[in-house]
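Just add 101 to the spot in the sequence shown (first one is 1) and you have our numbering.
The set of hints was computed from the structure by calculation and includes no laboratory data. Predicted model only: the values in this text are computed from it and were never measured. Heads up, a few of these hints could be off.
[To be verified] With a straight-line Cα cutoff of 30 Å, these simulated DSS-like cross-link-like pairs (lysine-lysine) come out: (1) K193 <-> K163; (2) K122 <-> K106; (3) K165 <-> K153; (4) K144 <-> K112; (5) K144 <-> K174; (6) K169 <-> K153; (7) K193 <-> K122; (8) K143 <-> K122; (9) K132 <-> K106; (10) K122 <-> K112; (11) K122 <-> K107; (12) K143 <-> K164; (13) K122 <-> K169; (14) K122 <-> K144.
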Amino acid sequence: MAMQKKIPLRKCVATGEMLPKKDMIRVVRSKEGDVFVDLTGKKSGRGAYVSKSEDAIELARKKKVLDKQLEVKVPGEIYEELVHAVRREQLKS
Numbered sequence: 102m103a104m105q106k107k108i109p110l111r112k113c114v115a116t117g118e119m120l121p122k123k124d125m126i127r128v129v130r131s132k133e134g135d136v137f138v139d140l141t142g143k144k145s146g147r148g149a150y151v152s153k154s155e156d157a158i159e160l161a162r163k164k165k166v167l168d169k170q171l172e173v174k175v176p177g178e179i180y181e182e183l184v185h186a187v188r189r190e191q192l193k194s
């Protein structure tokens, strides 16, 4: 009998949807307070997941959800980097 591998799920902070980890992008705040996009999902620090869709990223920007989750002001460049990462991945598909 073959065992099915468990797929890790994460909750999108913008939409509230539970999605597979590979369908999300992680944004991390380090101990120093620096915020950056973690495409590997393995960097240390406080993390928040956003769906890989431009709509979810815009929703997160409007609601300032990442600011609340990471407890720090998230610069606009982070949102631009998220949108850029989503578009890059869509081109690969």
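Index of numbered hints that the structure contradicts, given in increasing order: Per hint list: single violation, 9.
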